[in-house]
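Student: So the protein sequences, as listed, match chains A and B.
FYI, in the working numbering the residues of the first sequence are 331 to 589.
FYI, in the working numbering the residues of the second sequence are 30 to 448.
Careful: at least some of the hints might be erroneous.
[Unchecked claim] Only some residues are given here: those of chain B computed to face chain A with a beta carbon under 8 Å:
id, residue
1, Glu107
2, Trp117
3, Tyr225
4, Leu226
5, Phe229
6, Phe265
7, Gly274
8, Phe289
9, Asn293
10, Ile294
11, Leu295
12, Tyr301
13, Ile302
14, Pro306
[Said to hold, decoys possible] Cross-link-like lysine-lysine pairs, in silico, DSSO-like; alpha carbons within 27 Å at most:
id, chain 1, residue 1, chain 2, residue 2
15, A, Lys358, A, Lys396
16, A, Lys579, A, Lys358
17, A, Lys579, A, Lys367
18, A, Lys361, A, Lys514
19, B, Lys332, B, Lys257
20, A, Lys367, A, Lys396
21, A, Lys579, B, Lys257
22, A, Lys580, B, Lys417
23, B, Lys356, B, Lys38
24, A, Lys580, B, Lys40
25, A, Lys579, B, Lys256
26, B, Lys356, A, Lys580
27, A, Lys454, A, Lys417
28, A, Lys579, B, Lys40
29, A, Lys514, A, Lys534
Bear in mind the hints are in silico, worked out from the structure with no lab data behind them.
Just so you know, even glycine gets a beta-carbon here, dropped at the ideal spot from N, CA and C.
For reference, the chains in residue letters:
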Amino acid sequence: MKNIFKISYLIILLLVGTNQVIAEEKVKLLKTDWSFKGLFGKFDRGSLQRGYQVYTEVCASCHSMKYVSYRNLSESGGPEFTEEQVKAIAANFEVTDGPNSDGEMFVRPAKLSDKFVMPFANVKAAQAANGGAYPPDMSVLAKARSGGVDYIYSVLLGYENPPSGVTLEDGVYYNKYMYGNNIKMSEPLSDGLVDYSDGTTASKEQMAKDVTTFLMWTAEPHLEARHKMGFKAILYLIILTILVYFSMKKIWSRIESEV
Amino acid sequence: MSDHEYVPKSKFGKWFNDRLPLLSLASHLADYPTPKNLNYWWTFGGILTFCLITQIVTGLTLAMHYIAHADLAFESVEHIMRDVNYGWLIRYIHSNGASMFFLAVYIHIFRSLFYGSYKSPREIIWIIGIIIYLLMMAAAFMGYVLPWGQMSFWGATVITNLFSAIPFVGEGIVNWLWGGYSVDNPTLTRFFTLHYLIPFLIVGLVVLHIWALHIPGNNNPVGIDIKKPSKDTVPFHPYIVIKDGFALLMFMIIFAFFVFYSPNILGHADNYIEANPMVTPAHIVPEWYLLPFYAILRSVPDKLMGVVAMLSAILILAALPWLDTSKIRSAVFRPLYKQFYWILVADVLILGYVGAMPAEGLYLLIARVATAYYFIHFLMILPILGFKEKTIPLPLSITEPVLGGFPNAAIIKKKESLD
Chain A
331 MKNIFKISYL IILLLVGTNQ VIAEEKVKLL KTDWSFKGLF GKFDRGSLQR GYQVYTEVCA
391 SCHSMKYVSY RNLSESGGPE FTEEQVKAIA ANFEVTDGPN SDGEMFVRPA KLSDKFVMPF
451 ANVKAAQAAN GGAYPPDMSV LAKARSGGVD YIYSVLLGYE NPPSGVTLED GVYYNKYMYG
511 NNIKMSEPLS DGLVDYSDGT TASKEQMAKD VTTFLMWTAE PHLEARHKMG FKAILYLIIL
571 TILVYFSMKK IWSRIESEV
Chain B
30 MSDHEYVPKS KFGKWFNDRL PLLSLASHLA DYPTPKNLNY WWTFGGILTF CLITQIVTGL
90 TLAMHYIAHA DLAFESVEHI MRDVNYGWLI RYIHSNGASM FFLAVYIHIF RSLFYGSYKS
150 PREIIWIIGI IIYLLMMAAA FMGYVLPWGQ MSFWGATVIT NLFSAIPFVG EGIVNWLWGG
210 YSVDNPTLTR FFTLHYLIPF LIVGLVVLHI WALHIPGNNN PVGIDIKKPS KDTVPFHPYI
270 VIKDGFALLM FMIIFAFFVF YSPNILGHAD NYIEANPMVT PAHIVPEWYL LPFYAILRSV
330 PDKLMGVVAM LSAILILAAL PWLDTSKIRS AVFRPLYKQF YWILVADVLI LGYVGAMPAE
390 GLYLLIARVA TAYYFIHFLM ILPILGFKEK TIPLPLSITE PVLGGFPNAA IIKKKESLD
């Protein structure tokens with residue numbers, strides 16, 4: 331009996347959920363041209379570097395990125411900072427290591443091999459500091475939302491005053507593209523929030539695009555290698571298929587039958 | 030295998046073959062007389078063998094890096110995607126390979142339905158095939174749980190909870206399956222073990238499937254019994270080998286497009302969120318290949334009856350050789366059956382579509398009608414059709430349909446060119 335309740339509860343949740351999804355899918359996400367889409371899609375190196383800057387100056391105070399290592403920042407197919415730059419970046423962070431030979435834990439500057447240092451010690455601490463909402467880890471965020479990069483880009487730019495009749499609780503903001511339209515993150519971006527070192531104007535749209543590009547890379551660090559290999563693999567398969575087709579025709583021509 | 034004598038040329042070959050007739054087996058496989066009129070729908074057997082081997086090879090590699098632990102599984106998958114050399118490639122081949130496997134198996138099954146390949150004397154081949162299909166679904170379901178994302182966890186919760194519908198012992202069975210009182214680490218480790226085991230069971234059944242096939246030989250688009258070997262057949266090698274190879278390459282091109290250019294399109298975004306027992310996803314859906322059965326499950330208001338309906342929808346296929354009373358195999362010569370066949374195809378596609386939609390309002394109504402029709406097709410239409418249908422006369426052989434007084438060669442020709 332309890333299970334029947336459980337199942338019906340799940341099914342009701344599912345119904346409510348799908349309803350919402352269907353209702354929300356009617357909201358058209360904002361589009362922008364992503365350089366990494368398409369057969370030959372590659373990341374825009376400058377955009378990745380700027381995106382890292384936005385992440386580290388704006389997002390990283392709340393959002394962890396626990397599957398990405400500092401060394402990844404200098405690897406090919408990524409932002410491709412130089413190793414010296416990345417060493418300098420890593421050295422800004424402190425990690426607890428140990429125990430040392432005295433059995434003591436100690437703090438040292440981060441190294442290339444360390445994962446990105448998390449802003450909070452654990453999920454509970456993150457929730458406590460953010461009004462009960464856990465800022466999701468950003469490592470695979472671009473793949474973890476339907477709509478992917480378009481969705482993230484839209485949410486970043488989707489802050490609006492709530493329509494009349496909608497009252498929001500304290501610490502909740504209205505976002506046109508967020509599932510359910512309620513978001514506990516205040517608007518993170520504003521024009522000129524960061525100073526881009528390459529001289530690009532830090533408009534809201536530009537920062538949203540750059541940081542979303544960066545998030546796509548952290549979610550798919552081998553995207554460029556995948557696209558490159560895919561083109562070669564498919565070209566190879568097509569040529570082989572054509573050769574095999576003619577071999578097949580030749581072999582079957584020995585008998586009176588079509589193939 | 031006793032239908033032809035093979036004598037190895039070399040002395041050692043003869044010595045070896047007398048003790049273990051592997052060379053005879055190889056010769057049998059190479060010479061195996063195959064109907065020469067097989068169309069490309071018949072190439073999916075070979076494609077499925079490729080899929081199985083691909084899944085096993087990539088799966089073994091993944092298992093070397095994967096950690097079956099509730100706290101580490103998600104992280105280990107990210108480790109594979111980021112740090113293992115070509116780990117992303119191996120994992121994407123494996124995850125998309127599952128979808129490709131099901132795509133191929135559905136084509137294989139519907140080919141069999143169209144050309145009546147399940148009919149006497151091939152009932153055992155068919156039933157073994159159904160068992161393989163069931164095992165595939167079990168393997169795919171458990172495999173989807175392993176990354177320990179949100180959809181893994183909640184999919185596992187929903188599906189294992191189905192067993193609680195069994196009267197009296199249901200709850201006990203569910204706890205036994207879980208190894209506890211909820212889906213947790215013991216569930217994950219046993220699913221991993223079974224996910225590893227099942228493919229090898231499938232390999233064994235595939236051997237039986239092919240063995241059983243080699244007794245009567247292949248059915249063919251005309252669906253008549255043919256003399257083997259004869260003018261109607263070609264040896265498996267090289268004719269069928271190269272044709273299967275060509276079709277396999279075409280299949281691999283599509284496969285590669287998914288792997289390299291849209292590797293996540295067939296999955297669900299929520300599975301990139303680590304499993305969290307405290308948060309239920311808004312939208313729990315199974316993988317696309319299970320959606321028709323999911324629609325049947327949800328279309329019945331009672332939970333137990335829903336589970337019964339879903340299982341019956343699969344098991345009813347095993348009874349198909351006896352439910353279909355027509356002696357004519359190929360739909361080419363069954364004008365009425367052909368129409369009902371396409372209605373069934375549409376029905377299953379509709380079930381798949383509504384399976385992905387919320388079970389309410391119009392969707393629920395459509396799901397119910399489609400579920401009812403699914404059973405009506407197998408339980409009423411097929412048995413009656415065998416007696417009522419006026420079939421087109423069969424040709425005497427594949428090569429000489431005209432001599433057999435076959436009046437409608439254009440139909441076959443048209444059918445083949447369509448294929």
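Student: Does each hint hold? Answer for all of them.
Tutor: Here is how each hint holds up against the structure:
Hint on Glu107(B) holds. Least Cβ distance to chain A is approximately 4 Å, under the 8 Å limit. The criterion of a C-beta within 8 Å of any C-beta in chain A is met by Trp117(B), whose closest approach is roughly 5 Å, and the hint holds. For Tyr225(B), the shortest C-beta to C-beta distance to chain A is roughly 25 Å, which exceeds 8 Å, and the interface hint is violated. Contact between Leu226(B) and chain A, as hinted, is not supported at the beta carbon level, the nearest pair being about 28 Å apart and thus beyond 8 Å.
Because the closest C-beta pair between Phe229(B) and chain A is about 28 Å apart, greater than 8 Å, the hint is violated. Checking Phe265(B) against chain A by beta carbon gives a least distance of about 12 Å; that is not within 8 Å, so the hint is violated. Checking Gly274(B) against chain A by beta carbon gives a least distance of about 6 Å; that is within 8 Å, so the hint holds. For the restraint placing Phe289(B) at the interface with chain A, the shortest Cβ-Cβ distance is roughly 3 Å, inside the 8 Å limit, so the hint holds.
The beta carbon of Asn293(B) comes within 6 Å of a beta carbon in chain A, closer than 8 Å, and the hint placing it at the interface holds. Against a cut-off of 8 Å between C-beta atoms, the interface hint on Ile294(B) is violated, since the closest Cβ of chain A lies about 10 Å away. Interface hint status for Leu295(B): violated, as the beta-carbon distance to the closest one in chain A is roughly 13 Å, over 8 Å. Given hint, Tyr301(B) at the interface with chain A, holds; its Cβ is 4 Å from that chain's nearest Cβ, closer than 8 Å.
This hint holds: Ile302(B) has a C-beta 5 Å from the nearest C-beta of chain A, less than the 8 Å allowed. Using the Cβ-Cβ criterion of 8 Å, the hint placing Pro306(B) at the interface with chain A is not satisfied: the shortest such distance is roughly 13 Å. Distance hint between Lys358(A) and Lys396(A) is unfulfilled; the C-alpha atoms sit about 31 Å from each other, more than 27 Å. For a cut-off of 27 Å, the pair hint linking Lys579(A) to Lys358(A) is broken: about 50 Å separates their Cα positions.
Distance hint between Lys579(A) and Lys367(A) is unfulfilled; the C-alpha atoms sit about 38 Å from each other, more than 27 Å. Restraint check: the Cα-Cα separation between Lys361(A) and Lys514(A) comes to about 24 Å, which is no more than 27 Å; the hinted pair holds. Under the criterion of a C-alpha separation no larger than 27 Å, the hint pairing Lys332(B) with Lys257(B) is inconsistent with the structure, at around 51 Å. Under the criterion of a C-alpha separation no larger than 27 Å, the hint pairing Lys367(A) with Lys396(A) is consistent with the structure, at around 25 Å.
Proximity of Lys579(A) to Lys257(B) is assessed by CA-CA distance (about 23 Å); at most 27 Å being required, the pair is judged to hold. The hinted pair formed by Lys580(A) and Lys417(B) fails the criterion: a straight-line CA distance of about 45 Å is larger than 27 Å. For the hint linking Lys356(B) to Lys38(B), the alpha-carbon distance of about 45 Å lies beyond 27 Å, and the restraint is violated. This hinted pair does not check out: Lys580(A) and Lys40(B) have alpha carbons roughly 35 Å apart, beyond 27 Å.
For a cut-off of 27 Å, the pair hint linking Lys579(A) to Lys256(B) stands: about 25 Å separates their Cα positions. Between Lys356(B) and Lys580(A) the CA atoms are separated by roughly 37 Å; this puts the pair beyond 27 Å, and the hint is violated. Simply put, Lys454(A) and Lys417(A) have alpha-carbon atoms about 31 Å apart, too far for the 27 Å limit, and the pair is violated. For the proposed pair Lys579(A) and Lys40(B), the alpha carbon gap of about 37 Å is over 27 Å, so the pair is violated.
At most 27 Å may separate the alpha-carbon atoms for a hinted pair to count; Lys514(A) and Lys534(A) meet this at roughly 19 Å.
In summary, the structure is inconsistent with hints 3, 4, 5, 6, 10, 11, 14, 15, 16, 17, 19, 22, 23, 24, 26, 27 and 28 from the numbered list given earlier, while agreeing with the others.
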